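Protein chains: 2
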Amino acid sequence: MTTADKINALRASMRQNNLDGFLVPRADRFQNEYVPASDERLAWLLGFTGSAGLALVLLDRVILFVDGRYTVQAAQQTDPALVECVQIGAGLSYQSWLRDNLRPEQQIACDAWLHSQAQYQSFAQACQQAGAALQNSENLLDALWQDQAQAPENPVVAHLQQYAGQSSADKFVAVAESLAANGVDATVISATDSVAWLFNLRGSDIPYNPVFGAYALVDAAGSAELFIDEARLANEALDSLPEAVRLSPPDEFEVLLERLGEVNASVQLDFSSIPAAIAQCLKAGGAEVVNAADPCVLPKAIKNSVEAEGARQAHIRDGVAVSKFLYWLDNDRPQAATELEVAEQLRHTRLQVAEQFGVELKDLSFNTISATGENGALPHYSATPEHDCRLNTGDIYLVDSGGQYLDGTTDITRTVILDELPAGELANEMRDRYTRVLKGHISLALARFPQGTSGNQLDSIARYSLWQGGFDFDHGTGHGVGSYLCVHEGPQNISPRPNNQALLPSMIVSNEPGYYKAGAYGIRIENLVLVIEQAGGERPMLGFETLTLAPIDRRLIDAEMLNDAERGWLNRYHQRVYETVAPHLSDTEQQWLAKATATI
Amino acid sequence: MTTADKINALRASMRQNNLDGFLVPRADRFQNEYVPASDERLAWLLGFTGSAGLALVLLDRVILFVDGRYTVQAAQQTDPALVECVQIGAGLSYQSWLRDNLRPEQQIACDAWLHSQAQYQSFAQACQQAGAALQNSENLLDALWQDQAQAPENPVVAHLQQYAGQSSADKFVAVAESLAANGVDATVISATDSVAWLFNLRGSDIPYNPVFGAYALVDAAGSAELFIDEARLANEALDSLPEAVRLSPPDEFEVLLERLGEVNASVQLDFSSIPAAIAQCLKAGGAEVVNAADPCVLPKAIKNSVEAEGARQAHIRDGVAVSKFLYWLDNDRPQAATELEVAEQLRHTRLQVAEQFGVELKDLSFNTISATGENGALPHYSATPEHDCRLNTGDIYLVDSGGQYLDGTTDITRTVILDELPAGELANEMRDRYTRVLKGHISLALARFPQGTSGNQLDSIARYSLWQGGFDFDHGTGHGVGSYLCVHEGPQNISPRPNNQALLPSMIVSNEPGYYKAGAYGIRIENLVLVIEQAGGERPMLGFETLTLAPIDRRLIDAEMLNDAERGWLNRYHQRVYETVAPHLSDTEQQWLAKATATI
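Chains A and B, in that order, give the protein sequences.
Under the working numbering, think of the first position of the first sequence as 1, with each following residue one higher.
Under the working numbering, think of the first position of the second sequence as 601, with each following residue one higher.
Treat the hints as calculated values from the structure; they're not laboratory data.
Just so we're clear, the structure is a prediction, and the values are computed from it rather than from any experiment.
Don't take each hint at face value.
Stated by the list, open to error - Example chain B residues on the side facing chain A (calculated, C-beta under 8 Å, incomplete):
1. I688
2. F1049
3. P1050
4. S1060
5. G1070
6. F1071
7. D1072
Each residue gets a CB set at the ideal place from its N, CA and C atoms; glycine is no exception.
Full structure from sequences and hints, please.
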């Protein structure tokens, strides 16, 4: 079937159902950041393979909404005769488009399993404002998609106490207490990292995130029901589950929702993550639905002492791997090496170093961003076999990567000059921008702040030096990171966007200011940091312990621009990198690292 | 009547009306920050004279809610046998107390003219959560208060175009456009500074704020009705009003509300400031009430070029006055001078300098905080004849004051060491804390930031240096300031409290970090700054122009703690102070100022 055939078939199905429009999101039934092949509906229907987007198929037009990252790609991958690409952001949202462009009486439908309740409600409101209406329907696209893959059902394994640090039973007690405090009977949890955290289980249904797709019910008495095919769980995983957990087949989940309705249960749901279908089914059946934060999100973000120590260990071996890679990049990189080849070298080094430490690299924590020259100026650049550039002398090369280890998840960005700085004014400019980014990174790394301070309040600290020069960067300064879980997790972050969540002791967050010059180069310096208590102040203060261990390219630093405190941090950091990493390197690598971490 | 008599009389009245409780706020019908004598109900009923508080008179108890500033004062001024003082803040709000302490079926009443609609709604909800109810009633207290003063009706004068910079007619056009854009018929404006700004009128009903009490109606066609006794307006003021303005007697205001109801008008109200009585009367009468920001607040905050230039001029003469005062403090202060005497000297100097410049000091912009030694550690300290301390050598003295001039409102805090630093470690400590406060002040003064940045995002910049030492301060870093209007105005501020309002070009805001050591001393360094565009950046950036001009005490600065950028700012600032202020000083004052502003 061609794209036109598919669109026509979908429209025929829409007409049969008296529908004027059908929404196709890039989402699965768990609102995962990465989706399995079975949920790549935008790729199947329109050929668009970006990681975010939403299509609205109307009877006379097809709109593909994408954000600024995918404007070019969407235009390249779709046929303009069939598809209109619309860029959202900066004043235009899905909602405002629907409100301003739908016509009165239009009937729009979507598969409510693929939209969060919050998103569904905002779409429904936008439709209503246009005089149109949104309704839930069968997935008309899936009915046409003959070779749609099965949803993955990979094995699920136990995440052992030696890594998790807290038993699943203890986690249930805490969640049950929070439900009781909220006066509700139960909650349905759909976020896959919350389920994995709560049950101390891990999976491999999707790349990079060691999670599995299964809804869970937890009640205020601390009992839990996990809707998953029992055959997916290894014996060890089955044995690890607390007594309070019952396993039920996935097809019994809707029966449960009906039962909750029948007894008029009050059920807490997190509207930002729960599929709209679940909220609607519960409401329609007679349950009382209460919108409140997923009770796993905050305790998951606050690492226990075992997880914090695991993170330290994971970052030592990850730092060894990245340091060996940077040595290779400087000394052994083939002349003709491309971005993908270099990324593969980094992956290979992580695998080897993990083996050297006697552990396993389970996966990368996201698709490596390996970007040279002007590609580095695209913050979410992804090299492909079709667009894979050679690393050239004088380029600034940016590599943002991470690993999944049983004891922790890593995420590090290093930006280096390849071989030697270009001649003339450009070198001064590069050093100026790099040093401003570094000053922001260090100011944040050195920051102390009172208990109760949010990442939102700290964000400007990482931007101050760039701002002074009239520069800025268009992404957040930091995101939360899981423990052998998702590399992006909430509720905390460090961002200009309002977020009142305080940074709490033992949260992990990234520190990654950057600078991007379109058509020229990109700079980002990213370490993960652990929030720690800082004794000795007049008030209880918090601060950061830097976890990531790899050299920061001294060739790009203008030492004159650093003040004493900044220079002190850099030298202490580099000393720690050397002392921790060098013992695991060869002699030549050690000599290189000594220079790369020398006092400035 | 004794306090007990008054409480008993109020309770008798409550019983007659089948009420279990009556709320007595410290507020007038315009939610002014300062209230006239006629609205000092807490002082009349309970003897409490603080500037904020709320009493709940129940049949068996009287609760006086105060915030942390007034805990001690409330306990001192009230009889514990009659009144229970309850401190709100840090987890306890009026609302949470009502919810947790009222009993089912209790009928609580209040005078809905004295509460904003937002406050009334939150109180009503809290009562409901307790199973009790809130209702609007006649003011039972006023009915008992035999010698209650008349509400002030002082003359109202024109605020001339040469100071206002924009005609009232032009302001009506802009407000009408915003009402039309919101799809409403009209708005009622109750905030006195909004009314004064919109009509280009000024009054003197309350101290410090040159406003007058009068509600106004503006409709989407740009017509306006001001409810005020015409006799209060001088001829010049009458002549200044645009044609679109009709004056109506205050007692016709309720007739207007009824009329709006009868025609089912849609009326925009700002629930954060509008008296609940107005919202309720409109709703009950049949009007549609829409909650939206007072349309005067944002344009009032963005100064036009005439107001901005007026602010510069006002700050020159205010800087001359403060500099002369600081000279006097250093050289001519009597040995036995007290906080009140010194504050009076400052007021007198402002009067004299205004005369020297050929203009008038209309008023102070707030009650001067003149605090020596440990009194400075109370951020809202106010010396009284009963508690008026002598300034002693070696004390840190803090003075926070401002003037009202026709062309601008000023607000400045200077903190100085009296005569000489104390011996030993204490001097080092004082210099350390003072320099940290100064570093925060300078970092903010030097900040550039992208368009769209809120003060909330910038707040941490002023705290970073204090935080590094384990210190902090418990107030916002900055507040908006009016143009010959209120010294505290919104919508912008610089504060840890979430506020998404971007800082926009030509807003005025204070920059006033501090440090307070209980029982010892307080430090605050405050300048007003104007938001300006900063050309030359890669992106459109904003920054600050410092308006305030007076020396910052060099004796308390540890120059070693300043980096080059900070030292550069201080020296440039002091040079500007000298060049601007010195021509208006005597020779001896000039010599002193030269030393006080010498390069560091």
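Hint by hint, which ones does this structure get wrong, listed from lowest number up?
-> 1
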